[in-house]
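Protein chains in written order, with full-length UniProt numbering: chain H, 1 to 333; chain A, 1 to 333; chain S, 1 to 333; chain U, 1 to 333; chain P, 1 to 333; chain Z, 1 to 333.
Zero decoy hints are in this set.
Copies of one chain are not kept apart here, so a pair can be met inside one copy or by any two copies together.
The calculated DSSO-like cross-link candidates involving lysine-lysine, where the alpha carbons are at most 30 Å apart (straight line), are:
1) K128 / K250
2) K331 / K216
3) K156 / K331
Hints in this document: simulated from the structure, not taken from any laboratory.
6 protein chains.
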Amino acid sequence: QQELVRSARCRHGAPCRWGSQFNVPPSAQFVARPVGVCSMMKLPMQASAEGLDAAFIGVPLDTGTSNRPGARFGPRQIRAESVMVRRYNASTRAAPFESLQVADIGDVNVNLYNLPDSCRLIRESYQKIVASGCVPLTLGGDHTITYPILQVVAEKHGPVGLVHVDAHTDTGDRALGEKIYHGTPFRRCVEEGLLDCSRVVQIGIRGSSYDPDPYKYCRDQGFRVVPAEECWRKSLVPLMGEVRTQMGDKPVYISFDIDGLDPAYAPGTGTPEIAGLTPVQALEIIRGCKGLNIVGCDLVEVAPMYDVSGNTALLGANLLFEMLCVLPGVKTR
Amino acid sequence: QQELVRSARCRHGAPCRWGSQFNVPPSAQFVARPVGVCSMMKLPMQASAEGLDAAFIGVPLDTGTSNRPGARFGPRQIRAESVMVRRYNASTRAAPFESLQVADIGDVNVNLYNLPDSCRLIRESYQKIVASGCVPLTLGGDHTITYPILQVVAEKHGPVGLVHVDAHTDTGDRALGEKIYHGTPFRRCVEEGLLDCSRVVQIGIRGSSYDPDPYKYCRDQGFRVVPAEECWRKSLVPLMGEVRTQMGDKPVYISFDIDGLDPAYAPGTGTPEIAGLTPVQALEIIRGCKGLNIVGCDLVEVAPMYDVSGNTALLGANLLFEMLCVLPGVKTR
Amino acid sequence: QQELVRSARCRHGAPCRWGSQFNVPPSAQFVARPVGVCSMMKLPMQASAEGLDAAFIGVPLDTGTSNRPGARFGPRQIRAESVMVRRYNASTRAAPFESLQVADIGDVNVNLYNLPDSCRLIRESYQKIVASGCVPLTLGGDHTITYPILQVVAEKHGPVGLVHVDAHTDTGDRALGEKIYHGTPFRRCVEEGLLDCSRVVQIGIRGSSYDPDPYKYCRDQGFRVVPAEECWRKSLVPLMGEVRTQMGDKPVYISFDIDGLDPAYAPGTGTPEIAGLTPVQALEIIRGCKGLNIVGCDLVEVAPMYDVSGNTALLGANLLFEMLCVLPGVKTR
Amino acid sequence: QQELVRSARCRHGAPCRWGSQFNVPPSAQFVARPVGVCSMMKLPMQASAEGLDAAFIGVPLDTGTSNRPGARFGPRQIRAESVMVRRYNASTRAAPFESLQVADIGDVNVNLYNLPDSCRLIRESYQKIVASGCVPLTLGGDHTITYPILQVVAEKHGPVGLVHVDAHTDTGDRALGEKIYHGTPFRRCVEEGLLDCSRVVQIGIRGSSYDPDPYKYCRDQGFRVVPAEECWRKSLVPLMGEVRTQMGDKPVYISFDIDGLDPAYAPGTGTPEIAGLTPVQALEIIRGCKGLNIVGCDLVEVAPMYDVSGNTALLGANLLFEMLCVLPGVKTR
Amino acid sequence: QQELVRSARCRHGAPCRWGSQFNVPPSAQFVARPVGVCSMMKLPMQASAEGLDAAFIGVPLDTGTSNRPGARFGPRQIRAESVMVRRYNASTRAAPFESLQVADIGDVNVNLYNLPDSCRLIRESYQKIVASGCVPLTLGGDHTITYPILQVVAEKHGPVGLVHVDAHTDTGDRALGEKIYHGTPFRRCVEEGLLDCSRVVQIGIRGSSYDPDPYKYCRDQGFRVVPAEECWRKSLVPLMGEVRTQMGDKPVYISFDIDGLDPAYAPGTGTPEIAGLTPVQALEIIRGCKGLNIVGCDLVEVAPMYDVSGNTALLGANLLFEMLCVLPGVKTR
Amino acid sequence: QQELVRSARCRHGAPCRWGSQFNVPPSAQFVARPVGVCSMMKLPMQASAEGLDAAFIGVPLDTGTSNRPGARFGPRQIRAESVMVRRYNASTRAAPFESLQVADIGDVNVNLYNLPDSCRLIRESYQKIVASGCVPLTLGGDHTITYPILQVVAEKHGPVGLVHVDAHTDTGDRALGEKIYHGTPFRRCVEEGLLDCSRVVQIGIRGSSYDPDPYKYCRDQGFRVVPAEECWRKSLVPLMGEVRTQMGDKPVYISFDIDGLDPAYAPGTGTPEIAGLTPVQALEIIRGCKGLNIVGCDLVEVAPMYDVSGNTALLGANLLFEMLCVLPGVKTR
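Here chain H stands alone, though its shape is the one from the complex:
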């Protein structure tokens, strides 16, 4: 009963550390799952990244979507479903909330009607976050958002390595006359020198194409492209060994488009492609990043309206937690 009262006290975003020096998500043993204004994992919310080692932040933008919109509600739904995620990683024994100070710092305010201006707003918000030394874990939003985020990340860390999980390379040049939308972020990053191109891997790529050789651009830049076909029915543990070698100890960014997974697992997304990766492989990829010098992560393209069950968002919430678990400094127990 004592504990019930204690958890009740934690519900409003006030520091909630359960006797620890770090913020800790409340347990469903003490706070009922449906209870609470949904921050990510019901972590305390704070207005800036000040004092944080890592922060969850939402970017509810979908103006860059080419087919089904709705990713603007990705952050809201991922937070809602994150009530199922608990503090320890039972598989890897990672204990992020005994290692890092983590909070939910809310959403970037975006300009739904103007993509370049949204990029500016994202950039300005992330400059403050990254400046404070905090690692951003982003809840998207469509994939456009990774472009301004990487502008900020590279500003601090120099050109970064990239672990990019996706059905699409997102290296188009333009569409409908525009250079900024969710099909082009990584070409823009290449052009601006934000990526260390020899340390880029794209995993899960597939689908029909406008070009007979659609991966040429990527390979010409030095990216490693791992089509879904090379992943089918395989463990990706060996691949990730190679990726760790490729990445070395220089800064790495993880950009995870939920459509990298097969639509059976992630129906709630806007541009699904058949015959994709499995959640098991997603875990192998993210857990395989342990030891890398990760400086930022995102999980994008969750469009909840196409998945009435909420399970695509639940998957997103779990994958974000797994990313948290492989950040530098996270201890195991």
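Once you've looked at the hints, dock chains A, S, U, P and Z against the given chain H.
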């Protein structure tokens, strides 16, 4: 059996007039409802408005949406559900397909990533349509699109009267820093002199507001604002008598936002407001426009993903048919 | 642009008063609707009712539900959809955020597995809220929760008058052997003397019954029962005039079960009954309470899973806002 | 506790009369609503109509559907949602389970692949039911099924009066070359002399048409056609007074197509038409039949897949209960 | 035709054995799939387990659910979707309906508002079933129900072996202060000596945890815990060989939580965890139990509202049929 | 911009070849995905197969469905979701639109109320298509339709080899007394000598059965039956090597029932069976047909209402594109 063959021949968009001088939608007595690539009412499709008295045209844009997106799929779903609409208006005895040459001329190609450019594309498409003397019946799309359409319409007809059904006045000045989105089209129209402000009526307006006196701007321009409260439980036949007097015989445009209706009837829309109009009142409004010099119509803001039944789109299809039935020159039988 | 920055600063629950002495919900003109961790109307969250005139509070419990469960997610979804509600009441000119200090104080932690213990937890939470002089506006939750809330309210104010909108009288004695579930709260309240029985009105009652004379108990207590049949197709403005007389100037509580409305308007609820009230009548009832000495309000039984559109929750959010607008001390503009 | 055991004993379809001479639906006060293999109102099931005054029977056929199929699952879903219906009619004080012996006698086995053969199967089943003197209350199924049912009913009672609620007259001659589908039952009935044409009323008719004068056939037969337009915003109590006079004391059949109601109330149906009747009017129609010599009833065209909430089926269950309540011999309390 | 009549006669739950000494589910070749009041596989219903070798029984309880409720409707939906399951197991050649007398004996009446009392009601019902020598195949309901069932089973058979498929070990001690909910049944069973702990295997366990070593309790009791990670991409045939050895010929109970499967296959459940088992593995587990001395089975946690397709319930129905097929005494053909 | 205009010109079904001699689907780089009246891949529509090497054609029939109907809307939804499919096959490098003249020739008009007559209508339509030398790629519709299609195909090519992917063999003799429905097409084909029985392979077969040895009929005819069990967790590349040998260079027809796949990937179908094939295996099967003398293909049983996401239809659209890519004469780049 003869007729089954005949209808089979009509399925591909080739002229399909059933012995009439006009295009005629096929009957479900001869062509099964699920059959056919869905143009509006399964009318023949043609590439331009050439030779048409009226044309259905889609504008699948939702980049101007402030809350739930999805109206980009409005035209597709309205066409799909229009298989339920038959050629005669049993209530008014209107026989549009014995009076006018009507076709579906497809969709305007929009720039999903750039609202001003979409406006340009809409404007260019409509200039050709309107130039040919054809009355456009537009399947939206979010309400942003009415602005470029009215630019074209006013270019030909001068400032027009407006019968505007909506939950919102859509006369905001800007949002998120932008002057073009679905909350501002009619202020832009006023500023550009596209509206004959003394001949503007806005029906069904309601909802909470950012301003204590939210209709002031409209009334200052000379608009007649008819809040939903004034419509509750009433026939709108008397109102429409007054509206016909207000409009006179000068050109009138009908802009019908599906969220003018109560969300019970039209759940598939992005910015619903409670306590709205009924479909009965919608019919009274549109039928009450008979006799006016209508030069264009639109039905906007159908976002099908929020209505699994398809019935919001069905409602939209019926209301578009009703608009066709009150166009000048439509005979009754 | 200045304002965009300002709103960005408001997103984390820090006091956000826009230059006012009171908390003010952010405008979608400055903060995009999908942005933000959803508190009610995106109001600031705070840990206690301290300093507040009125507070939104959630009680995410549905263990008392007899048919379809899901009301535990009512508070979450009502908050999510409340992004459509703006600061002024355009119809009544009420300006609650220029009159009262209002915040969202989160959820009561409930015991999903034990109804009497949940009642205890609710009671304990509300004692603090009510003690501070704050008027609670509750987001339910099934109707069971009104019983412990009224225990606390009557403890402070003595037996209260009750404006009860519902399809059911909720005055059953027991079900499945239990005295506490969502069909019995008002019988429990009568037994404990929490209601001023001559000042109780139940509006919208209908449906088949286990008893040939199902309203006898209520009328025997002195309640006024207004069956839905007496409301059909009528304005409830005259009724509310009588209700105001009945209530006088003594304390009144408003308990609004969303199933009082017809399931067409509120499909997302657990025990729907056909042929119910309309949202127009709901507004007439609530607005008709202006001038009463309202000491608390609740909106219960929103079970979002049965309404994929989210519109039942949107309706709930609007009705809660309307209740806020009729609280004592709310000025008009 | 005693009662819990008693209800447990009733769950399997064994006679369950609660001390009464008649079958009585169990109360949710004693049997939890989700409990039980769903017969209509959880009434006992029996293999024939033997000994019954009235019987619920399902006809799960939708092969006659012209647009959206799914009414084959109408009976299953109506039974499932009927757990909300209780034994007394609180509005009319009807007590059918103190007046008549009622049971659920299951479904007619239909031939999904052959409409004429399904008609034969229905005919054969109903001959036994009607021969035993039992009044059938049918759960459809698409409207095709009323044709073979009326063949049987008229065989016993001679040409019957008909209270027909629907959006469509269902008096087409043929479609896709076929004379039997859900658009033709009442023309077939006329041709076979099953209807007493001067005692036929069709209420709620509306929608676009293939003919400029679509009601001519009906009126030529002597039917009274009451278009939806004549019902809008009106009480149908006066109409039903006239209908009772029209029907006199000769046998009457009630055929209620759920699409007679507006799609807001009944989204789960295959050929919806906008601007229809309300549930309030549906109650007025059915309750207005009290005193007539009703020899059979059906409720058709519930297609549950188009209404995720289950509420169309709930509406159907309630309307079937209301029909039961107006059968000859039902007492009030 | 003869057969159509014969099946029609079988529809009401009367003994229906098709010339066999055993009950046999009707074939869709003779009875249309949508036909019939849905018992499990349309088997005859009977009021007690008298004379049965095995019985399907529902326990529609979800008061023990910690996240999304709805499993109270599991039995209803599993029965509805079981119309797809036919009498023979084409893969294993099992012919349960030529080997055992099987029926559907309806649902246990539960107390939705009181978990301990529901446990009592379940216990009392199962005592009668198990006493009669019948093997219960339970349609859940949330996992709480396995606790009282095992009390009864162990009362008769002594401590049982357990094949437990699940995402969670369900060996928590308490939550929200309660010892009985769906996270604790197997700890309660251990405490009461209902399990032969060296013969317990838990398969598919995964997900984040409140404890750094969440399987310690289980392993301390002697359970074999097989995390999902050990199952990924593997045949479970070898594992089941080991399990058969572990179980020996002493009594075994199978408890299958549908959330053991990946949410892609079973979205309709309340506490899903990513990266779970596949239906192929589920079949390998159940078929791998052939030869064991199975004394009871359950399939729990199907919450249909989260899977609009009905396919989670269909999966549940098939898995229950597969359990029936491995019961002692089932012959192959 | 030039290109935007060009694509705008292509939107109405007029020849649209982008400078190529062949029809080419427009690119989402130039035409926004939501734009256009949905033909398959937005290809030009034409009224006959004249001049085409291959044609997409819909057969919107589901009267042959034994469980959940809805496949009548398969063609409409497959076309709608095909906006995601692009012109090149990135995996196989197939370039069908540089090799063949392809168009969408609309739907066959079917008789929804009469299966034999629908077969006649299909036969008559396909006779014209096949006579012109065009390879039909059919969008179903339920599996009944393959019977009349194969009548026409065999009329031209003699008995054909068959690559049949399905959960069911569809070789039943009759159901509900009928010889024509979706469970019998291949028995009818055998009886009429339309199949070269030694060149028939059925892949993915599974599920419970009405017969203890359900594959006997098939094997007696000489079919190769590959149960799903033999496919689990395996690459089907080796199998397809054997199949190519089996098929030789004589004519082959591909009939792909979407329920061959596991319901996790294809929930939108009427008679799902658990533990089926994966999309990866579907691709291996179809790509493994490269080199065969394919004379026709179909993709049947997509029933969109059971998959709110649209992803089953998307899967169907992709598989149809893959079939196009393996037609004789398709070059790679």
